[in-house]
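**Q** With the hints as your guide, set chain B with the ligands onto chain A.
Listed below, chain by chain, are the residues.
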Amino acid sequence: MATDAPAATGISTDEKAFWERIKEPAVYVRLISLVVVLGGWELMGQTGNIDPVTFSYPSAISVAFWDLIASGKMTAAAYESSQILVAGLLIAIPLGIVLGILMGRFRTFEYAVDTYVFALYATPVVALAFPIAMVLGVDFVGKTTIVVFFAIMPIIVNVYHGVRNVDLSLLEVTRSFCSTESQRWRDLIFPSVVPYLVAGLGLACGRALVGMVVAEFLMSISGLGALSQDYIADLELDKGLAPVVLLMIVGIALTKVVNICETKFSSWRVRQES
Amino acid sequence: MRLEGVGKWFGSLQVLDGIDIDVKTQEILTVLGPSGCGKTTLLRIVNGLILCERGEVSFKGEVVDGPRPEMAMVFQNFGLFPWKRLDQNIAYALRIQGREKSEIDRLVSHYTELVGLGGFEANYPAQLSGGMQQRAGLARALAAQPDVLLMDEPFGALDALTRETLQEELLRINEVEPKAMIFITHSIDEALLLGDRVLVMTPRPGRIRFQFDTGFGRGRDLEEIRGGKRFQALRHYLWEAMRNPEAEPEPIPELVLE
Ligand SMILES: Nc1ncnc2c1ncn2[C@@H]1O[C@H](COP(=O)(O)OP(=O)(O)OP(=O)(O)O)[C@@H](O)[C@H]1O
Ligand SMILES: [Mg+2]
Numbered sequence: 001m002a003t004d005a006p007a008a009t010g011i012s013t014d015e016k017a018f019w020e021r022i023k024e025p026a027v028y029v030r031l032i033s034l035v036v037v038l039g040g041w042e043l044m045g046q047t048g049n050i051d052p053v054t055f056s057y058p059s060a061i062s063v064a065f066w067d068l069i070a071s072g073k074m075t076a077a078a079y080e081s082s083q084i085l086v087a088g089l090l091i092a093i094p095l096g097i098v099l100g101i102l103m104g105r106f107r108t109f110e111y112a113v114d115t116y117v118f119a120l121y122a123t124p125v126v127a128l129a130f131p132i133a134m135v136l137g138v139d140f141v142g143k144t145t146i147v148v149f150f151a152i153m154p155i156i157v158n159v160y161h162g163v164r165n166v167d168l169s170l171l172e173v174t175r176s177f178c179s180t181e182s183q184r185w186r187d188l189i190f191p192s193v194v195p196y197l198v199a200g201l202g203l204a205c206g207r208a209l210v211g212m213v214v215a216e217f218l219m220s221i222s223g224l225g226a227l228s229q230d231y232i233a234d235l236e237l238d239k240g241l242a243p244v245v246l247l248m249i250v251g252i253a254l255t256k257v258v259n260i261c262e263t264k265f266s267s268w269r270v271r272q273e274s
Numbered sequence: 001m002r003l004e005g006v007g008k009w010f011g012s013l014q015v016l017d018g019i020d021i022d023v024k025t026q027e028i029l030t031v032l033g034p035s036g037c038g039k040t041t042l043l044r045i046v047n048g049l050i051l052c053e054r055g056e057v058s059f060k061g062e063v064v065d066g067p068r069p070e071m072a073m074v075f076q077n078f079g080l081f082p083w084k085r086l087d088q089n090i091a092y093a094l095r096i097q098g099r100e101k102s103e104i105d106r107l108v109s110h111y112t113e114l115v116g117l118g119g120f121e122a123n124y125p126a127q128l129s130g131g132m133q134q135r136a137g138l139a140r141a142l143a144a145q146p147d148v149l150l151m152d153e154p155f156g157a158l159d160a161l162t163r164e165t166l167q168e169e170l171l172r173i174n175e176v177e178p179k180a181m182i183f184i185t186h187s188i189d190e191a192l193l194l195g196d197r198v199l200v201m202t203p204r205p206g207r208i209r210f211q212f213d214t215g216f217g218r219g220r221d222l223e224e225i226r227g228g229k230r231f232q233a234l235r236h237y238l239w240e241a242m243r244n245p246e247a248e249p250e251p252i253p254e255l256v257l258e
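Taken in order, these protein sequences are the chains called A and B.
Residue numbering for the first sequence follows our numbering, starting at 1 and increasing by one per position.
Residue numbering for the second sequence follows our numbering, starting at 1 and increasing by one per position.
Check each hint, because a few of them may be wrong.
[What the hints assert, rightly or not] In the SDA-like style, the derived pairs of lysine to any residue whose C-alpha atoms are separated by at most 25 angstroms in a straight line are:
hint	chain 1	residue 1	chain 2	residue 2
1	B	Lys101	A	Glu181
2	B	Lys84	A	Phe190
3	B	Lys84	A	Leu188
4	B	Lys101	A	Arg105
5	B	Lys84	A	Val198
6	B	Lys84	A	Arg105
7	A	Lys264	B	Ala122
8	B	Lys84	A	Thr115
9	A	Lys264	B	Ala126
10	A	Lys264	B	Gly119
11	B	Lys84	A	Leu31
12	B	Lys84	A	Phe265
13	B	Lys84	A	Glu172
14	B	Lys84	A	Thr180
15	A	Lys264	B	Arg85
16	B	Lys84	A	Glu15
17	B	Lys101	A	Ile189
18	A	Lys264	B	Leu158
19	A	Lys23	B	Glu246
20	B	Lys84	A	Gly251
21	B	Lys84	B	Lys179
22	B	Lys84	A	Ala112
23	A	Lys264	B	Tyr124
24	A	Lys264	B	Gln88
25	B	Lys84	A	Glu262
26	A	Lys264	B	Tyr237
27	A	Lys264	B	Leu128
28	B	Lys101	A	Trp268
29	B	Lys101	A	Arg164
30	B	Lys179	A	Glu172
31	A	Lys264	B	Lys179
32	B	Lys84	A	Arg164
33	B	Lys84	A	Val250
34	B	Lys84	A	Val194
35	B	Lys84	A	Glu110
36	A	Lys264	B	Gln127
37	B	Lys101	A	Gln183
38	B	Lys84	A	Asp167
39	B	Lys101	A	Leu38
40	B	Lys101	A	Leu188
None of these hints come from the bench; they were simulated from the model.
So that you can see chain A by itself, here it is in the shape it has in the complex (with noise of 0.2 angstroms):
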């Protein structure tokens, strides 16, 4: 039946997929409130209720994203944004990971380090700009370094705590089958770590790509944060939201994709969904 009805009917059963997950209230609600929120602002510009001067309106703004695009400009900009970002998140998440089970493995490495972590932690890194750019430049170390900076926090005291949070009754039985200690790391540690991590991530390239825009707007300044600076100094806002319309997107990716490992390595933990 599944296979004849869709010929009979002219939908497709992804079509029909649709139009069922349309009637979900987390779906439909959403969707509500998008039109509402956007078609009011829409429509506020519209009206001439907005002054294209001091601020625009989502029309303007995607007329804006697709020229930017049209031109090269964008795509130039958040090239250049993205070496940052990848370079700094690639330095974060391998350093922070390693700090993260020193940390929650070695009291004496816990002790030696742990008032400078928790203190960095508590600071907000946007001040640390300014002394960064005197030790290392303006230029992509600098930059880069600022979104370690961003990212790495998150990571290491989430790691640091999954290691810690490890299950006392576990550690009990793998010291009990007499479990060499890298077997304990594979069978016991990783595996609580790893909930911790993904949590930490999702954190981490949140705040990298805040690193990213600080440091493009407060160092040299270069990328999308740069390109959004020059039209908004130029009172041309549709342009000028159009790279933080991006920075959105990219954001959101980055965050699903966390999502998607989550799930992948969380399979043994059974969901009872009502």
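**A** Chain B with the ligands in isolation, oriented as in the chain A frame:
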């Protein structure tokens, strides 16, 4: 296996005091005692997981100062790895021992069938009932083929029928591959049916109140024992003793000594 004058403190709380136990090779010792009297603590000391402040545990003449592969524990709270499938959990001890892959597979499927979990190999612990998890913990310990099995209320979460089946299985396994067992239970019947010797503990601090040989012998038929006079008399005796924890234990009924 021998414990001599074992005393254990957690901070200022004394949990065990003057425990002397001698478990002979292939003997099954069952331990009865109220909740919190230190039974789990006793097993952890025997396993070498924690050390005692006073006294000494020795195994085959050597002092126990850490876990050893000849002993395997069935944990009261199951102790399964939530991210390992059932077969991986049962294979755990064997993998730690570095056995051959083919041998691991063979032993795992044998003991999985034995505890009645065949067909659930690919399930994660969260997908199994409490009783099934308990059987998985039992299978893991059995698969390790230890000389000594330390069992902390291994049948506590099972329904009566499964419990009886596994009691019989355990005795049968013990005929084929004899090993010493320390078996903790809250069930008087179970203590009598399985034990060559029954040991009763008192709480705060945990001491040995009394112990006696059940004298049912090997190759026992549980049904026959259950219906017997001796079992009834011992059962009644234990009930009375557990009900009056303060009273001096009366001498064990004559009947038993016949
Ligand atoms: N790690 C620990 N630190 C402090 N006190 C502990 C610790 N482990 C056990 N105790 C205490 O020791 C006593 C005995 O605990 P134990 O777990 O050995 O009891 P049990 O006889 O196994 O009880 P149950 O029948 O409920 O399993 C309890 O009073 C408990 O509070
Ligand atoms: Mg206990």
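**Q** For each hint, tell me whether it holds in the structure or not.
**A** How the hints compare with the structure:
no.: 1; hint: Lys101/B with Glu181/A; in the structure: holds (21 angstroms)
no.: 2; hint: Lys84/B with Phe190/A; in the structure: holds (13 angstroms)
no.: 3; hint: Lys84/B with Leu188/A; in the structure: holds (10 angstroms)
no.: 4; hint: Lys101/B with Arg105/A; in the structure: violated (31 angstroms)
no.: 5; hint: Lys84/B with Val198/A; in the structure: holds (19 angstroms)
no.: 6; hint: Lys84/B with Arg105/A; in the structure: holds (23 angstroms)
no.: 7; hint: Lys264/A with Ala122/B; in the structure: holds (17 angstroms)
no.: 8; hint: Lys84/B with Thr115/A; in the structure: violated (36 angstroms)
no.: 9; hint: Lys264/A with Ala126/B; in the structure: holds (17 angstroms)
no.: 10; hint: Lys264/A with Gly119/B; in the structure: holds (24 angstroms)
no.: 11; hint: Lys84/B with Leu31/A; in the structure: violated (40 angstroms)
no.: 12; hint: Lys84/B with Phe265/A; in the structure: holds (12 angstroms)
no.: 13; hint: Lys84/B with Glu172/A; in the structure: holds (17 angstroms)
no.: 14; hint: Lys84/B with Thr180/A; in the structure: holds (18 angstroms)
no.: 15; hint: Lys264/A with Arg85/B; in the structure: holds (15 angstroms)
no.: 16; hint: Lys84/B with Glu15/A; in the structure: violated (38 angstroms)
no.: 17; hint: Lys101/B with Ile189/A; in the structure: holds (24 angstroms)
no.: 18; hint: Lys264/A with Leu158/B; in the structure: violated (33 angstroms)
no.: 19; hint: Lys23/A with Glu246/B; in the structure: violated (68 angstroms)
no.: 20; hint: Lys84/B with Gly251/A; in the structure: violated (33 angstroms)
no.: 21; hint: Lys84/B with Lys179/B; in the structure: violated (28 angstroms)
no.: 22; hint: Lys84/B with Ala112/A; in the structure: violated (35 angstroms)
no.: 23; hint: Lys264/A with Tyr124/B; in the structure: holds (15 angstroms)
no.: 24; hint: Lys264/A with Gln88/B; in the structure: holds (19 angstroms)
no.: 25; hint: Lys84/B with Glu262/A; in the structure: holds (17 angstroms)
no.: 26; hint: Lys264/A with Tyr237/B; in the structure: violated (57 angstroms)
no.: 27; hint: Lys264/A with Leu128/B; in the structure: holds (21 angstroms)
no.: 28; hint: Lys101/B with Trp268/A; in the structure: holds (24 angstroms)
no.: 29; hint: Lys101/B with Arg164/A; in the structure: violated (33 angstroms)
no.: 30; hint: Lys179/B with Glu172/A; in the structure: holds (23 angstroms)
no.: 31; hint: Lys264/A with Lys179/B; in the structure: violated (42 angstroms)
no.: 32; hint: Lys84/B with Arg164/A; in the structure: holds (21 angstroms)
no.: 33; hint: Lys84/B with Val250/A; in the structure: violated (35 angstroms)
no.: 34; hint: Lys84/B with Val194/A; in the structure: holds (14 angstroms)
no.: 35; hint: Lys84/B with Glu110/A; in the structure: violated (30 angstroms)
no.: 36; hint: Lys264/A with Gln127/B; in the structure: holds (17 angstroms)
no.: 37; hint: Lys101/B with Gln183/A; in the structure: holds (16 angstroms)
no.: 38; hint: Lys84/B with Asp167/A; in the structure: holds (15 angstroms)
no.: 39; hint: Lys101/B with Leu38/A; in the structure: violated (61 angstroms)
no.: 40; hint: Lys101/B with Leu188/A; in the structure: holds (21 angstroms)
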